[in-house]
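Protein chains: 4
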Amino acid sequence: MARNTSGYNGLFIPGPTNVPDKVRQALNVPMQDMRASDFGELTFPLFAGVKKVLRTQTAEVFLFPASGTGGWEATVANLFSPGDRVLMSSFGQFSMLWVDMCERFGLEVEHCAVEWGLGVPHDEYRRILEADKAHTIKGVFACHNETATGVTSDIAAIRAILDDLGHPALLCVDGVSSLGSLEFRMDDWGVDVIVGGSQKGFMLPAGLTIMGVSQKAMERRVTATMPRTFFSFDDMLKHNATGHFPYTPPTQLFHGLQASLKMMFEEGLDNIVARHNRLATAVRAGVHAWGLELCAKDPATYSDTVSAIVVPEHMDSGAVLKAAYERYNLSLGAGLSKVAGKVFRIGHLGNLNEIMVLQALAGSEMAMRDSGINIELGSGVAAAQACFIQSADEQQISRAA
Amino acid sequence: MARNTSGYNGLFIPGPTNVPDKVRQALNVPMQDMRASDFGELTFPLFAGVKKVLRTQTAEVFLFPASGTGGWEATVANLFSPGDRVLMSSFGQFSMLWVDMCERFGLEVEHCAVEWGLGVPHDEYRRILEADKAHTIKGVFACHNETATGVTSDIAAIRAILDDLGHPALLCVDGVSSLGSLEFRMDDWGVDVIVGGSQKGFMLPAGLTIMGVSQKAMERRVTATMPRTFFSFDDMLKHNATGHFPYTPPTQLFHGLQASLKMMFEEGLDNIVARHNRLATAVRAGVHAWGLELCAKDPATYSDTVSAIVVPEHMDSGAVLKAAYERYNLSLGAGLSKVAGKVFRIGHLGNLNEIMVLQALAGSEMAMRDSGINIELGSGVAAAQACFIQSADEQQISRAA
Amino acid sequence: MARNTSGYNGLFIPGPTNVPDKVRQALNVPMQDMRASDFGELTFPLFAGVKKVLRTQTAEVFLFPASGTGGWEATVANLFSPGDRVLMSSFGQFSMLWVDMCERFGLEVEHCAVEWGLGVPHDEYRRILEADKAHTIKGVFACHNETATGVTSDIAAIRAILDDLGHPALLCVDGVSSLGSLEFRMDDWGVDVIVGGSQKGFMLPAGLTIMGVSQKAMERRVTATMPRTFFSFDDMLKHNATGHFPYTPPTQLFHGLQASLKMMFEEGLDNIVARHNRLATAVRAGVHAWGLELCAKDPATYSDTVSAIVVPEHMDSGAVLKAAYERYNLSLGAGLSKVAGKVFRIGHLGNLNEIMVLQALAGSEMAMRDSGINIELGSGVAAAQACFIQSADEQQISRAA
Amino acid sequence: MARNTSGYNGLFIPGPTNVPDKVRQALNVPMQDMRASDFGELTFPLFAGVKKVLRTQTAEVFLFPASGTGGWEATVANLFSPGDRVLMSSFGQFSMLWVDMCERFGLEVEHCAVEWGLGVPHDEYRRILEADKAHTIKGVFACHNETATGVTSDIAAIRAILDDLGHPALLCVDGVSSLGSLEFRMDDWGVDVIVGGSQKGFMLPAGLTIMGVSQKAMERRVTATMPRTFFSFDDMLKHNATGHFPYTPPTQLFHGLQASLKMMFEEGLDNIVARHNRLATAVRAGVHAWGLELCAKDPATYSDTVSAIVVPEHMDSGAVLKAAYERYNLSLGAGLSKVAGKVFRIGHLGNLNEIMVLQALAGSEMAMRDSGINIELGSGVAAAQACFIQSADEQQISRAA
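Residue numbers (the numbering used here), protein chains in the order written: chain B, 5 to 405; chain C, 5 to 405; chain X, 5 to 405; chain Y, 5 to 405.
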């Protein structure tokens, strides 16, 4: 079947997200000299702005021309040495891939493999760290928001464990699908490394890893022996000092970041977090109205940026995606790896509003029906609409007050 | 209340319409020399393409840098003389305005004022034309699709009357909100002047009047004494002969038109008409599910490009628009003039698909509820979804066949 | 010969001009509802900004979706009646065309045909106005900058004549190729109508007539009987009062105008005028170095926005244009009408700097040599470079002071 | 001094280069699902197109979201093991940096440090390789075009040495500033790894490493033990097989690459190489006319993509850059590292034509004079113009033939 390509594609994957028009305008620039004396007028405010988003006063910010995977690699390459012991957990495609990377780079991974649908296993982390009296564990890794299953883990709780035990391991966090969308507090939570990407909450095209590294972590790089050049913090720091870069950076993304940071601060970081919560709550009300379950087991870990929806047994979530894409020009997120065929995902992050979410739900309903899943048409939409009317009322009252 | 500006605005006014991304790309051009010897390589195919859209072999095509109102004025200025008698009808804001223009320009307008919600009064036209044995009526005007009320009139039927009576008046048609979306056949229907605008079915920004003028009408300009320069067919023809224009044309819109024509021919004119019918049918199913009525009285005249929905008595359609825009970033069409406050309009034309329509319906439902209109949430969406599933099935079968 | 299309086209026609990148970004917008309640947030500042550019406190500003020709027609249609006597002069293609339009619209034109290369004939204007004791002349028309010949006329001097004689005629000025580039003072000079276009000093694509009309002129419209709708000041004023338009306006150009006005005020109107003078002075130094003459006879009328350069006798300026365009991807302005084949023009207005001017001169030198005109390669460039070095020095000193 | 920012910046650094308008249009896309089933419709032709540019039938092509530095690192990480012996030479900033990277990654570098201004030392390479009877040298590295000094080395000659000696080392080439501009023949020259970047001859923004890897080199990755994930050929190959990527790729650059490849094939690779030679020849004629020398010592190695121009002793090339940028909005390339202050560079690659080159020369002349370098204004321009007139004549004759 030739696919239906009329109108705009409804993009509801959990990234890349819908680029706001102001950002699209900003990206439309000619090339420029990245060695110009005044290049820092463009780049210095970006570092400052990202620090604000990370809610850090003291961390170093890095902008690598790469994807989030590059940020993971920068973490490993700059801060660890082959044979270093690290504590990691996997409960989805992305947490799993970071484990795989660390193993490839010769780290000795203490790997907690968790059921997909759960998050970071705090108790097991505590047990292992407690047992590590000699502090041989150099890093504790955590995926803040597992994009594959829609599970958000409690990062502050991991910091509390480390502090409680007086354990000096670096706390390294994957925030690719949380930064700029979910609450994140680098300094308050004592995060040592946070890895983000341009194409999620920052509402940009892919192509930029956005990282924060604590001063404590920065010290580790002196003794870390893993080889690095492209992802070298040192090379980057040296050139960033004058606003420049060790190699040709993607300047058009810098202009886009300038625009997206402006939008984020105009909306307000707290308001952004609240908006994501409002939109996600409505999605979940819709899923409930359909009589379906989320992949995330524990309501406390429901992600406000992506919902992985479990299709009924013997049904194929791939058929939902196919129908959505080919019949209705709607892009949903696939089930990956262990949950392939079992879940489909609705990304609800970044540049998003109520009517966009309703579009995703309405389209999903049709695609599910097309795939033999017996949900009632309009039911999820109605449940979400009720949430939106209520939250719009509340906002109106709060603004009037 | 500060308005909700998150995400993309849902643009469902009956024009300007949603510009496709390929057209947005095409518009992004540097300026160029409009007197260059090879400028015709850009413009000649535009004239040919527009003729194809108008389904004419013989008419002249004109592209004026103006809105549809400019096309109305070009018609009057080139083809008529002060005091000329013309037959017109009004049944909405736009048909009314053309009458007003003709009166300002000193035409003697035989004006059939029709109840808003109806279309061109064929019987009255026949009666008047039949009575005009001396053929003093020089032009018969008709609004193909009245954007204010969502009523499509039968143009072929007017031609049939004229032919039946052997009346030589020019048949002048406003196709601003029909061209490129609804069936239109200039040659088959014997249309002498058709006026369109770039910002509707042509899926471009506003700024271009797109007109077709029959050879019979072209002859009239020789004797027509109304003054003209900016809208002069003669000046335009003379320069168009070499691919040029009598004054600086909006070249970026030409590049956009090149792209939109390409898209239109790739989809196929018949397919475009069928798509508009599918989408409109679903909108009407939604309205029916809400228990509301269209402004258009006769199902045979229901417009496939815009639906004007009558709110219950004592309700204010303005409140629906306001809630939609301020609370949900959704732009709907207002009731204009005689139907102000009584109807709101959903534009469903141009670059549009199923999930976009569902977004409009879902948003309208919330806005109606916010305005005290007691419709059931999700009901219109569900009715439209059912239509879409069925039509997607039918398309799939037809493609497989 | 297939033309050389590598690299960027060098656009040195006297309009459309080179759109700045910030304006290109601003133009890249989705469509929006031009009837939205907050549309005035976009449009009100545009009216205010244009007034600032026109240097008027009291005039009305109009933005019509048309070319400059449309602004001429708006002047005639709103402020005059058939049979009105007007004083006009022609000395180039554009001043000539306005005369032609006025004649078509039934004005009784007192036409001073002046040798091309001269400007408004002040003495003849004085003589005719002095003789018009009965004040039958309703309008005095003047082309501020004749784009075809590169001649700038003294508008303040015409006002002085009118004031001196106590003559009440409206002073109507064509500022299409002067506004935003040359000194222009609507209030100080007592200009009643000024007509500009988006595609010159405003650095936008074509598609917008930008006009100012004095209150004295506005009063004339009450009695003026010429028919009008598309260009009606009354319809426009009524809708502009709430920030709206009587028909669908070209909103993307409004966003572009917002950006270009911002750039203009950041540079400063006086600085813009000074920059145009600097660049034009260097062009003229180059022409002098080539041993060629300008079409403009009197140095006091040399235009700072366009130079029309006379090729040696028996040479064809068309060959220069052809060589420039086909061999070097350089667009120069043609000689029009009476000076066709005799002059070629370099547009030096809008978004322009020193190295762009040098590009135009360097390319012109090659194209002249290719056409058999015996100038010394590099000679015009060197002369202009010397000007630029000196002016850069002066600016540096002035900034340091 | 506030810098002069009027008009367009003249970008004549040796990359990023001037993005053609068709590519800028192509970059202006919304985000899309990089896991969509039809994503390969976009990506497969890119791989095929790049192979055509590399003139290879058999190599694998890789597109990493990184700069050229990333391509160097991918080479090291996938094909070598710590302790591997490699033969390298440095004669400029970029060849030097690759040496530094290899050393950081633990390779044992046989480093030929050559005077800057010369190229790959073929004789020394032969001597060393000849002495390596045991074939302990696993890779021979060469910088095809040293961007810092404007020196092009003969890659085919290195292959000849290797073949002559029967030496199995991989031939790894940095083609960042040569690919898409200079003659390059991967298969004919037996190149095993070629590293390019998007922002040079491919005329795109930075953000994409474009690589080719021979099948012989691909086999090496099986035994190579350097750790890799982000730059893993294996991960990339696995996903590329279905048109997908192991992590979110920069899709807007893919659309840009699609457009730039189309332009390249329309112009023809041989014609592109010839054009670069024409433009570079004229630049060198200009430098000669100034009485200055190139940094490149040997005319046989003069680069057709960048010229490094030596300023007279006791002069500061930094002053030339500063004057060019601040006074004339012209961006030239700085002297880097060993030649800092001694040379300035004109990049003449990518989307470029004759009048753009003349702009660079004319601006450089002013900036040199401003910096106290006593060249004659217009002299370099005139020399280049003479070249361009002649080559335009030759092209015209050749086309006519």
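Accuracy of the hints is not assured; some may be wrong.
As the list makes no split between identical chains, a pair holds if one copy fits it or if it spans any two.
[Claimed, not checked] Restricting the straight-line Cα-Cα distance to at most 27 Å, the calculated cross-link-like pairs of lysine-lysine (DSS-like) are:
{"no.": "1", "residue 1": "LYS26", "residue 2": "LYS266"}
{"no.": "2", "residue 1": "LYS55", "residue 2": "LYS220"}
{"no.": "3", "residue 1": "LYS326", "residue 2": "LYS242"}
{"no.": "4", "residue 1": "LYS301", "residue 2": "LYS26"}
{"no.": "5", "residue 1": "LYS242", "residue 2": "LYS342"}
{"no.": "6", "residue 1": "LYS242", "residue 2": "LYS26"}
{"no.": "7", "residue 1": "LYS242", "residue 2": "LYS301"}
{"no.": "8", "residue 1": "LYS242", "residue 2": "LYS56"}
{"no.": "9", "residue 1": "LYS55", "residue 2": "LYS266"}
{"no.": "10", "residue 1": "LYS346", "residue 2": "LYS242"}
{"no.": "11", "residue 1": "LYS55", "residue 2": "LYS326"}
{"no.": "12", "residue 1": "LYS301", "residue 2": "LYS266"}
These are computed hints drawn from the structure, not numbers from a lab.
Hint by hint, here is what the structure shows:
Within a single copy, LYS26 and LYS266 get their C-alpha atoms as close as 10 Å, and across copies as close as 17 Å, so both meet the 27 Å cut-off. For a Cα distance limit of 27 Å, the shortest separation of LYS55 from LYS220 inside one copy, 16 Å, qualifies, whereas the shortest one across copies, 46 Å, does not. Only between protomers do LYS326 and LYS242 lie at most 27 Å apart by alpha-carbon distance; the minimum there is 22 Å, versus 48 Å within a single protomer. Proximity of LYS301 to LYS26 under the C-alpha cut-off of 27 Å is found in neither arrangement, the shortest distances being 38 Å within a copy and 42 Å between copies.
For the homomeric pair LYS242 and LYS342, the shortest alpha-carbon distance between copies (18 Å) is at most 27 Å, but the shortest distance inside one copy (43 Å) is not. In the homo-oligomer, the alpha carbons of LYS242 and LYS26 never lie at most 27 Å apart, since the shortest distance is 32 Å inside one protomer and 31 Å across protomers. In this homomeric assembly, LYS242 and LYS301 never come within 27 Å of each other (Cα to Cα): the closest approach is 45 Å inside a single copy and 32 Å across copies. Taking CA atoms no more than 27 Å apart as the test, LYS242 paired with LYS56 passes inside one copy only; the shortest distance there is 22 Å, against 38 Å between copies.
Within a single copy, LYS55 and LYS266 get their C-alpha atoms as close as 13 Å, which meets the 27 Å cut-off; across copies the closest is 30 Å, which misses it. Taking identical chains as interchangeable, the C-alpha atoms of LYS346 and LYS242 lie at most 27 Å apart only when they sit on different chains, with a minimum of 23 Å there against 48 Å within one chain. For a Cα distance limit of 27 Å, the shortest separation of LYS55 from LYS326 qualifies neither inside one copy, at 40 Å, nor across copies, at 32 Å. In this homomeric assembly, LYS301 and LYS266 never come within 27 Å of each other (Cα to Cα): the closest approach is 36 Å inside a single copy and 49 Å across copies.
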